[in-house]
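Q: Once you've looked at the hints, go ahead and assemble the two chains, each given alone in its own frame, into the complex.
Protein sequences appear in the order of chains A and B. Take the first sequence: its letter number 69 is residue 69 in this note's numbering, and every next letter is one higher. All you need for this note's numbering is the position in the second sequence, starting with 1, plus 1000.
Everything labelled a hint here was simulated from the structure, so no lab data went into it. Predicted model only: the values in this text are computed from it and were never measured. Ideal Cβ positions, reconstructed from N, Cα and C, are used throughout, including at glycine. Some hints here could point you the wrong way.
[What the hints assert, rightly or not] Straight line, CA to CA, 30 Å or less: simulated DSBU-like cross-link-like pairs of lysine-lysine:
1) A:Lys92 <-> A:Lys4
2) B:Lys1113 <-> B:Lys1252
3) B:Lys1252 <-> B:Lys1102
4) B:Lys1052 <-> A:Lys204
5) B:Lys1252 <-> B:Lys1093
6) B:Lys1093 <-> A:Lys12
7) B:Lys1093 <-> A:Lys92
8) B:Lys1052 <-> B:Lys1139
9) B:Lys1113 <-> B:Lys1102
10) B:Lys1093 <-> B:Lys1018
11) B:Lys1045 <-> A:Lys204
12) B:Lys1018 <-> B:Lys1102
[To be verified] Chain A stretches covered by chain B per the calculated footprint, using a threshold of three residues with CB under 8 Å from any CB of chain B:
13) 39-47
14) 191-201
Residues per chain, in single letters:
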Amino acid sequence: MWHKEALLLEIKRRAVYVYDFWMKMFIPPLIQIIVAYYLWQALYEQQGGGLIGGYTFSQMMLYYVVASSVYQMVQPDIGLVLRDIYDGTLTKYLFYPLSFFQFKFLAHLAQMLLVSIQFVIAITAYLIFFNAGGSFHIGFSQVAMGVSSVFIAGYLFFIISVSLETLGFWVETVWGLVLMLQFVTNLLGGKLIPLSVFPVWLSKSLFYLPFPYMVSFPTRAFLGEVSMQEFCLGILISIFWSIIFSFLARFVWERGSFNYSGTGM
Amino acid sequence: MGRYIRLFIHFLRFSFAKATAYRFDFWCRILMDLAYYAVEIGFFKIIFQNTKLLGGWSLEQIMVFVGAHLVLDAVQMTFISANLWELPSTVNKGDLDYYLVKPVNSLFFLSFKEISVNSLVNLLIAGSFFGWALNVYQKPFSPVELATFLFFLAIGFFLYYGFRLLISLPVFWLQSPYGFERIFYASLPLMERPDTIFRGPVRLVILTIIPFGLMVSFPARIFFEGLTLQRAVHMISVLIVLWGIIITVWNKGLRNYSSASS
Chain A
1 MWHKEALLLE
11 IKRRAVYVYD
21 FWMKMFIPPL
31 IQIIVAYYLW
41 QALYEQQGGG
51 LIGGYTFSQM
61 MLYYVVASSV
71 YQMVQPDIGL
81 VLRDIYDGTL
91 TKYLFYPLSF
101 FQFKFLAHLA
111 QMLLVSIQFV
121 IAITAYLIFF
131 NAGGSFHIGF
141 SQVAMGVSSV
151 FIAGYLFFII
161 SVSLETLGFW
171 VETVWGLVLM
181 LQFVTNLLGG
191 KLIPLSVFPV
201 WLSKSLFYLP
211 FPYMVSFPTR
221 AFLGEVSMQE
231 FCLGILISIF
241 WSIIFSFLAR
251 FVWERGSFNY
261 SGTGM
Chain B
1001 MGRYIRLFIH
1011 FLRFSFAKAT
1021 AYRFDFWCRI
1031 LMDLAYYAVE
1041 IGFFKIIFQN
1051 TKLLGGWSLE
1061 QIMVFVGAHL
1071 VLDAVQMTFI
1081 SANLWELPST
1091 VNKGDLDYYL
1101 VKPVNSLFFL
1111 SFKEISVNSL
1121 VNLLIAGSFF
1131 GWALNVYQKP
1141 FSPVELATFL
1151 FFLAIGFFLY
1161 YGFRLLISLP
1171 VFWLQSPYGF
1181 ERIFYASLPL
1191 MERPDTIFRG
1201 PVRLVILTII
1211 PFGLMVSFPA
1221 RIFFEGLTLQ
1231 RAVHMISVLI
1241 VLWGIIITVW
1251 NKGLRNYSSA
1261 SS
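Just chain B, same shape as in the assembly (with noise of 0.2 Å):
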């Protein structure tokens, strides 16, 4: 555990040295956040002209549900998507085996090798929204509940990295993996909602077999409704089954690599 800490310190003066020297880029990609912030926040504002409930939370609920989402979003975008977004393009090119020889796990290496310093700050940002969210949610709250509610959107986040993940691997079958990572971010909207909006099989599908109703909207229905042992069960379940699928998958399509060098 000791060699990952200190590996993952090195990711990160690596990721600072760099993002020190392209400037330009690191304002840019805050501006572009911001943005995104901004969207997601106006679109809510926006419907809530028009009603007082959505899918029977209130416009103080929705903020909150938005501020973990862009925690979320922020959380994400720091560790793990500039490197996820590569990792198809590494396997392509064959250029896979330097990450297979070191001693650590690759899975580790290839997730966690470069942090997006410029989304660090916006991590602040969506932290501090999160937290005026909180502030003006009407329902007192005490520290169990919120400590319980970060625990499961970190299940969230663990949920969002493995369905990334998982969607990125037939690149070791396919020729051209982008099309799964479209549909990746074509999918986004499903987890932007609260699932109570959904019904019928779509439902049924964004709270097991993709599970995009999980990551925010479960974790912010158990803030605001209670945890329950069902509820629990079904995150943690659906979680383990997922990464059982993504270590089997991995393995299976290290079989079936073929490296540059080869």
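This is chain A alone, in the form it adopts within the complex (with noise of 0.2 Å):
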């Protein structure tokens, strides 16, 4: 029962700055799909049309719109618990019905499910517009196979992200490491370029990696490239670095509690 009131509480808060909240759902990824449109039409008209990474051009842009918005729903925000440790706030959830971690992925979950709002834009936008020779279907197992891989990407990004934050019971500023995540995962997850565009023996490199489940393996789940073989393990990947990360967050959360003073930084 907590939960659910929290969650709620969560996507009030949140939508309550209706400008803030319109903007950031739908400028940033309009921009970058922008962005993508002119970059890989310079790309195909160079190479005569045909396929790059195994996609067309229509495929191509078909990939930026359901990436971009993975993305948007499984990227944290940047200090969802730094803020909490520097400020000295984090006594409060000691109150609470629910513990801290529970109520900040509770938080995170919130805005996935507002951002999802984008997403199912985005691809309604797409089909009416773009996919003149209906080319693109979406089925019950695409969604269902979407929904899961984003729902554990959203977990592993927000606990990876945890993981560096607690170190702010130490140090000064951990921001740059939040965001120096971000930058590597937006080319190593697959959000910048598909990943089938990259050299062979990177890709290889990557797969056992946990960038490409955070932006790339949903995205091509929703796209319906992945196989059921396929997806189960990249599921099972998906566990196990976030069955590892929680246990690294733990730790360094037991570690730094001892240092946490509740009178800020």
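A: Below, the structure written as structure tokens:
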């Protein structure tokens, strides 16, 4: 019951600043898609059409529409945990009926649910305006695979960020490390370029790392490019990394809480 | 002018002292920027596995473009980024009075009061990469051509600074200015790609109203293709108009400003 209340509260809190909410929801992915459109148009014209990384131009655009939305969904806010450590406001969570981590994950989940509205609008717009040949179809299994992989990707991105932010118990600022994670995930996660365009040696090296499972894997699941066998393996790898970083975050948190004074830094 | 130079030297001294107090943060931000540089370079290296030209530019030209972009990024991170990030909060809290009563230009004070020392290190790294890219660039160039490139890159910096400042000024009227700043940062990919790939209304917009296409790409094109009167007049005109708008909006904003002590 408390989980549902906390989730609803976070959704309301995020939606109350209407202007900020809509600005953040639509403008960044729209600009990313515009830049990707012109970049890949130039590349495909240079090639004389054909395939790049196994995608035609319209398929590449669909990849970017989905990947931009997936990234917006799974990316946690910077300072989700850090702000409470630096401001000394962790103490209030002792009185909450939920643990600190549960509350923060629910806050992240609220964000994911709100951004999923954008995802639905983006896919609908693509289907109406760009899917003239009817080449893209959405089936139940794609949606099921996509939703489950996005949920795990959201948790994975969250817990890796939290592991870094809990270093804030000892050092003055760690937001640089969190930003570094986002830069690296942008490229190695497949948001800037599909991983199928990468050199084979690089995409093979990334296979067992967590980055592809934060953006590329959920995107390909939604696009129907993932077989059931690949899906099961991808989910297992995502869960493996989620468990590793959950233990790491817990370990750092338990050590760091001895350092916490509640007076802010 | 001497007063401003002395003030700037004080800003530098204070910033160095602050940087030595927060060492982890110092090294962290260097690593962060290095990751950013690696991603930018890696992005184009991967793209060029699939093509020989992008927007008519070869890989060597793109590396010169990327080097120039990283230098501009390091300069803005060093001198203005942190200061302009704080500007909306300063206005919102009503703390602008402290800067308005000083006997120096308040915009200068607000924009340059703190220097990011870690970004000076990154400026050296970005500059080295830029130097390497110029060295491997196949077409020979003269010192005059290089100086022209750097001059127009400096104009590109003032376009970046001006537009970044303009994005923050709605704080005088809006409760939450951070919405515009998010749009600014989300729009940076428009600066990070050659302007030659854009077409139609988008190209027109990024070369005039939202001048991201002029900041790095235009100076790079001047270097690759030569300086023309049209390109020079275009860049300088946009710079003059932009700063004219900024000064007008700033003065209007100050008339609308109510401080914490009023």
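Q: Each hint needs a verdict: does it hold in this structure or not?
A: Hint check results:
no. : hint                    : result
1   : A:Lys92 <-> A:Lys4      : holds (19 Å)
2   : B:Lys1113 <-> B:Lys1252 : holds (23 Å)
3   : B:Lys1252 <-> B:Lys1102 : holds (19 Å)
4   : B:Lys1052 <-> A:Lys204  : holds (24 Å)
5   : B:Lys1252 <-> B:Lys1093 : holds (18 Å)
6   : B:Lys1093 <-> A:Lys12   : holds (25 Å)
7   : B:Lys1093 <-> A:Lys92   : holds (25 Å)
8   : B:Lys1052 <-> B:Lys1139 : holds (17 Å)
9   : B:Lys1113 <-> B:Lys1102 : holds (12 Å)
10  : B:Lys1093 <-> B:Lys1018 : holds (24 Å)
11  : B:Lys1045 <-> A:Lys204  : holds (17 Å)
12  : B:Lys1018 <-> B:Lys1102 : holds (22 Å)
13  : 39-47                   : holds (count 6)
14  : 191-201                 : holds (count 5)
Checked against the numbered hints listed earlier, the structure breaks none of them; every hint is satisfied.
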